[in-house]
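Q: One letter stands for each residue in the lines below.
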Amino acid sequence: MAAAQPAAAPAAGRAEPNHGLRILLIWLPLALAADLVIWFVWGPHLPPGDMSDTAASQQFDIRVMSVMAAPVVLAVLVYCGYAMITWRPRAGGEDEDGPPIEGNSKVQASWITVTTVLVLGLFVFGFVELASPPGAGSGQGISPLWKPGGTPLQVQVIGQQWLFTYRYPQYGGFETTDLVLPAGQPVQFNVTSLDVIHSFWAYQLGVKADANPQVNNIAYTTPEHTGQFTVRCAELCGLWHGAMYDYGRVLSVAAFRSWARTTETRMAKITRTLPSYALVYYPNEIAGLAKFYYEAGLPGAGGGFYGNQYYPDEP
Amino acid sequence: MSVLARAVTLTVAFLAVVGLALFVVIHILLAEPPTVDFTAGHAAGRPVSMTIMADPVNDVSDHPDWVSYFVESPQTGMWVHSTIWQLPAHTRINVTAYQFDTCDPLRNQFNGRVTGTVGNVMSVSGEAAGVNGKGISVVNSDTTCGVAHTFSVPELGINVPLAGETYTGKNECTQGPCAISTAHTTTTFSFITPGPGDYRWQCFIPCGLASVDGNGHAMSTIGFMTGYLDVVS
Chain V
4 MAAAQPAAAP AAGRAEPNHG LRILLIWLPL ALAADLVIWF VWGPHLPPGD
54 MSDTAASQQF DIRVMSVMAA PVVLAVLVYC GYAMITWRPR AGGEDEDGPP
104 IEGNSKVQAS WITVTTVLVL GLFVFGFVEL ASPPGAGSGQ GISPLWKPGG
154 TPLQVQVIGQ QWLFTYRYPQ YGGFETTDLV LPAGQPVQFN VTSLDVIHSF
204 WAYQLGVKAD ANPQVNNIAY TTPEHTGQFT VRCAELCGLW HGAMYDYGRV
254 LSVAAFRSWA RTTETRMAKI TRTLPSYALV YYPNEIAGLA KFYYEAGLPG
304 AGGGFYGNQY YPDEP
Chain B
41 MSVLARAVTL TVAFLAVVGL ALFVVIHILL AEPPTVDFTA GHAAGRPVSM
91 TIMADPVNDV SDHPDWVSYF VESPQTGMWV HSTIWQLPAH TRINVTAYQF
141 DTCDPLRNQF NGRVTGTVGN VMSVSGEAAG VNGKGISVVN SDTTCGVAHT
191 FSVPELGINV PLAGETYTGK NECTQGPCAI STAHTTTTFS FITPGPGDYR
241 WQCFIPCGLA SVDGNGHAMS TIGFMTGYLD VVS
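Here the protein sequences come in this chain order: V and B. Going by the working numbering, the first sequence opens with residue 4, and the numbers climb by one from there. Going by the working numbering, the second sequence opens with residue 41, and the numbers climb by one from there.
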């Protein structure tokens, strides 16, 4: 630390105190207390909570980062406070700088060592946390680096301006506006879009994955507690982006299965009219009616824009 | 230039910039269509009748080629180019929707189901090929000319696919608000308003002509194919 060096010139007949030791003795208990408070008091309440394994993992990461950052912040504040008090101008005193710290190998070595350890530590920690279970909760594209064990529940998230809908291929492929998940079972979200780019953000689950048209973006999580969570679109997607949110529920496994079977039956009529379950959809191409209308020379709603394939010209 | 001249120039320039900014804010950013009031004179517990139409064209805006909703004013009986409707809370709203546009497939056929209405059904009459009848709960827009636009209030779970008019080239609406004598379908349904609040509604057919995959223009402009229900107590 640089604290020991920039002291004012020693006054005649008076020994200069060990400023570095003083600062260390002030900083150490403060840093220790701050870290204990952050870890044990504040930590359990840090976002996004612990509703799922991915959320708990993110909360752990934030706790670790906070515990590492607090001593650094305190070191800066303590040093500044100490400097302002100890080396403040005094009436009748000399108004001049202290000795320069340039060339002080001890300070330089300390600075380089501490910052290197911190940065490399965060680098390794970040990589390990991204790649190891339970993953980061983010979209991993179509070829995930990390997959959970077992057979996850498949849930397809379909973004459309301005609504999320969800398909359950293991339950007949029904589609619904209700996102319901079982506690204690891994879930694989297959996230896609039918129009522009959206972002599926299940906040309390610690899941956030971009919804790109004609792309399947996979994210995993395992809900650990029953309750309600918020789903928001996290990608500015147009006029009603701010209204593109809903709420999901985590139920017990038995309650979930009951809900899924009931919903499968209730949705059977609309399910029969849906396109077959697929990881991505091409609504402009599956819209056979657009082709029919185009080839017959007939206009469709809104001037028959539907399907660039058949209506390629800008008006 | 004298100090006075510079001061005057600076003041005029400043006022011009402020004026321009105010004009943009007031006339563009904050511009909204008028609110059509269905609460005036409404007796508690009585249903409200609301008549709307979805037109392929309109002749009352700067964008005559944009598809647009109109609503019949309960006070004057005139068609108003607005999508902001003030409704009484906890009240049954009986809706008659005239639809003058031709059909197109839904981007997501899931929106072909009727939900959030009384009985989760709608009734259709007119020229809707394949969907004539009563008590319709699902329309397959991929196989029939079943849907032209939708009236959807996602927050309330309301979704009504409005039947498309089968294009014949005869008696088509070419001027909005469309005359009832031109070819159209009629969809009727009812829904119950919730407690007070603003609830956005929109169309789920990407009918914004040739813009952002059909989702721009009319689809993204309040007053055309989207708006909100201003529910008051």
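Hints were generated in silico from the structure; no laboratory data involved. Please read all numbers here as calculations on a predicted model, not as lab measurements. Glycine included, every Cβ here is placed at the ideal spot set by N, Cα and C. Hints are not guaranteed to be accurate.
Footprint (simulated), chain V over chain B, 3 or more residues, beta carbon under 8 Å [said to hold, decoys possible]:
hint	segment
1	52 to 63
2	177 to 187
Now the stretches of chain V that chain B is said to cover, found in silico as 3 or more residues with beta-carbon under 8 Å [as the list claims (entries may be wrong)]:
hint	segment
3	45 to 56
4	151 to 164
5	196 to 205
6	217 to 224
Q: Identify every previously stated hint that the structure contradicts and give their numbers, smallest first.
A: 1, 3 and 6
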